[in-house]
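Asks: Listed below, chain by chain, are the residues.
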Amino acid sequence: MAGVIAAVLLLAIAAYACGGGTDYGAGFWDLTAGGAERGKRPRRLIDHAMEPVWEVNNVWLIFVLVIMWTGFPVLFQQVFTTMWLPLALAAVGIVLRGAGFALRKPARRLAGRRLYGAVFAVSSLLTPFFLGAAAGGVASGRVTATTTASTDVWANPTSLLFGLLAIATTATLGAVFLAADARRFAAPDLDRYFRRRALGALAAVAVLAVVTLFVTHGDAPHVWHGLTHGAGLAFVVVAALATLATAGLLVRPSGAWSRVTAVGVVASSVIAWGLAQRPYLIPTSLTVAEGAGASATLRWLGVITLVSVLLVFPAVALLYWLDTHGELEGLTDADLRRDGTGEEA
Amino acid sequence: MHTILLLADVPAQTLPARSMMAFTLASHIILVPLGVALPLITLVMHGYGLRRGDATALLLARRWSAVMAVQFAIGVVTGTVLSFEFGLLWPGMMGRWGDVFGIGFGVEAWAFFLEAVLIAIYLYGWRRLPSRTHFLLALPLPLVALLGAFGILAANSWMNTPRGFTLDSAGNPVDVRIWKAIFTPMFGPEYWHFVFAMFVTAGYVVAGVYAVGWLRGRRDRYHRLGFTVPFTLAAVCTPVQFVLGDSIARQVFHKQPVKFAAMEIVWKTDTHMPEYLFGRLHADGTVSGGIRIPQLDSILAGFRPDTRVTGLTSVPASDRPTPTQATIVHWTFDIMVGIGSLLLLLALWYGVLWLRRRRLPASPWFFRGAACAGVASVVAVECGWITTEVGRQPWIVYQNMRVAEAVTATRSTSLWIMFALIVVVYVFVFGSFLAVLLKMRSRWRLADENGGPRPPHETPESEMPETDTPYGPRSAGSRL
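Residue numbers (the UniProt record's numbering), protein chains in the order written: chain U, 1 to 345; chain X, 1 to 480.
These aren't lab readings, by the way, just hints derived from the structure by calculation. Quick caveat: nothing in here was measured; it's all calculated off a predicted structure. For each residue, glycine too, the CB sits at the ideal point set by N, CA and C. Check before you lean on any hint, since a few could be wrong.
Unchecked claim - With a cut-off of at most 27 Å between alpha-carbon atoms, the simulated DSS-like pairs for lysine-lysine come out as follows:
1. X:LYS439 / U:LYS105
2. X:LYS255 / X:LYS180
3. U:LYS40 / X:LYS268
4. U:LYS40 / U:LYS105
5. X:LYS255 / X:LYS268
Claimed, not checked - Sample of chain X residues at the chain U side, in silico, Cβ under 10 Å:
6. THR78
7. GLN251
8. PHE430
Build out the structure end to end from the sequences listed, making use of the hints.
Replies: Listed below in structure tokens is the structure:
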């Protein structure tokens, strides 16, 4: 049962990397969109594309945390003790990001929008970095029962690379999704704009991935071995193929498939990492079996997961369907006036 | 001497960790009533508007949705911080007990997912979804909110009355029984007390906004509706909450007698206990100040003056709240009960007049009271939460783990710095939230007074309202 719940945890992390990642990526491109005038249209696209779905994308994180502390309490304790600083900063980043995004829209004045926008964009960059750094600390086995919070646990080559990879992959996902959204909003110039950026970010991901393979050889040998053998290797190959496919699709105007392949890149990389860690939750110090909580709890977590699949998936699918079919749109000022342009029937 | 020894046992991390948890939770809890109950209030208004074809009601529902969009977002992120803090501040508790009581959060995770999905569909469905579909898709929202509260309250009541496990020789929990861990003795009372607190608070907060408008002379249908719907909900829930509050206090008396002793500053176990309104407990067990009502505490606890009430001294000093903590708990408890009683009077005033004359009270004092009721009920929520949390001290898991054992080993300096950073961030976020709400209000008021949109050439560029989506073809299919 512990193995099943570990797989669920891994899939939830992959889902968060894809859903939340797309969101962080949109923030990254918001940051780099240039001045208020030049960046106006990309930012508007970012606002409209993100608005209905960003909260749902971020609930995956809650799910990850719940599975972690209920299913693997010791893992949760060790990770949060050792990776104290990056995780605390990530939490602050999450607050600033969400608040900045939510407050930007109702703020009308340029100064206000600039401030909230900057807060949103900068924290979109920092949060995935810190989360990635924490993951790097786990992968390189620096999280142990006896380590306490200090900088060298997370300021190490693997952590830094994982952090940078997190930024690059979120940027890729964000740009790929925004390009497809631009097509949906009938703005072909923005489609081109974001496809160019997606290609650049994808190249960065590829380079960083290769560097990571070299660095992990010495710094995280267990994970390196897992990534270059067996099931881990298979997912690395899938990720590489998905990268090539995404690059190929990004050359032409966005269709439905670039999003699928981009999600494939990220999901299979996360899964490859997870498989490479087998049988450890934290390489060479805590195995899945050792870290698992009480067996009754794990069974119930299984039930919880099953219900989630039955209950939450259709709901999330409905939301994504409505969103991609242009059924969801924010209220405008005109809808909020008394002369009521927004009659219901 | 005794106290000094005790203080030395408490790690330096405890104070900053507790301050940080208290601060972030106290901030988050302000948004919770709106998160749980605003969807219901809005849906009632929305349904009324749809049924009667009432444009004013629909306008109110749309405006409340716009507020909900911002409030829900900030609620989501401040709630996420709390999840992180379980690990950042209390790794000891999660490491040992996570698999015993964490499952409730699993239920909360689905509820949260569904809530985020449904609220997104509701908030962004106004313009394009068919009106019936839009309304029907939002109907599960209040239920989902209650499900979310279920998870959180299951966890908190477990911390108060932990059950569903046995300890092995090393003191670790084994043989976990999930149902027992979720449905602990305090769960039922805490859950219903909390849910009604959320309805009452959200109702009074929203109604309070329109009560202020009413006092300033804006007595149109818009303000009347905006006041009546939430106020009626809150007024109906208030007497229920009064009964629930009374019953939870008695449950605490039975299940957590030491906490009850702190709430009522009872020093020595005895019968014929007097009730103190406010007053201060000293280290030697004397009480100064406050109003003393003979016998009442025993009567309230067990309906008879000879009811034996457990005192603080029934357990060693290291296992009970300090006199200062007891005084805090006593005050917050009394303030909560006091506010509850005043709200009950307000609700009765409203209810009696409505039943007999079918109209709103005319007295400005009623509306002054209603305007304050929103703030007062938020204060009551904070007080209730302080009562339950401080009253549990020094335990994080009642009688099983001390706060000091659960706290992180991270240096206290780092914790203080992080606390300062969090305070700055929260002041910024909540300040901006308030500013944005006030801005929305004045923008809507201006629009209402001008009777329609201003022609574009009069509108300053920077405040240009968005009248349509920025991307052409999308609005071609618009129903507007």
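Asks: State for each hint whether it applies.
Replies: For each hint, the structure was consulted:
Straight-line distance between C-alpha atoms of LYS439 of chain X and LYS105 of chain U comes to about 12 Å, which keeps the hinted pair within the 27 Å bound. Restraint check: the Cα-Cα separation between LYS255 of chain X and LYS180 of chain X comes to about 15 Å, which is no more than 27 Å; the hinted pair holds. Note on LYS40 of chain U and LYS268 of chain X: the hinted pairing is violated, with a Cα-Cα distance of about 69 Å set against a maximum of 27 Å. With a C-alpha separation of about 13 Å, the suggested pair LYS40 of chain U and LYS105 of chain U falls inside the 27 Å cut-off, and the hint holds.
Between LYS255 of chain X and LYS268 of chain X, the direct Cα distance comes to roughly 18 Å. Compliance with the 27 Å bound is thereby established for this hinted pair. With a cut of 10 Å, the hint placing THR78 of chain X at the interface with chain U holds, because the nearest CB-to-CB distance is about 6 Å. About 26 Å separates the beta-carbon of GLN251 of chain X from the nearest beta-carbon of chain U, more than 10 Å, and the hint is not met. For the restraint placing PHE430 of chain X at the interface with chain U, the shortest Cβ-Cβ distance is roughly 9 Å, inside the 10 Å limit, so the hint holds.
Checked against the numbered hints above, the structure violates hints 3, 7; every other hint is satisfied.
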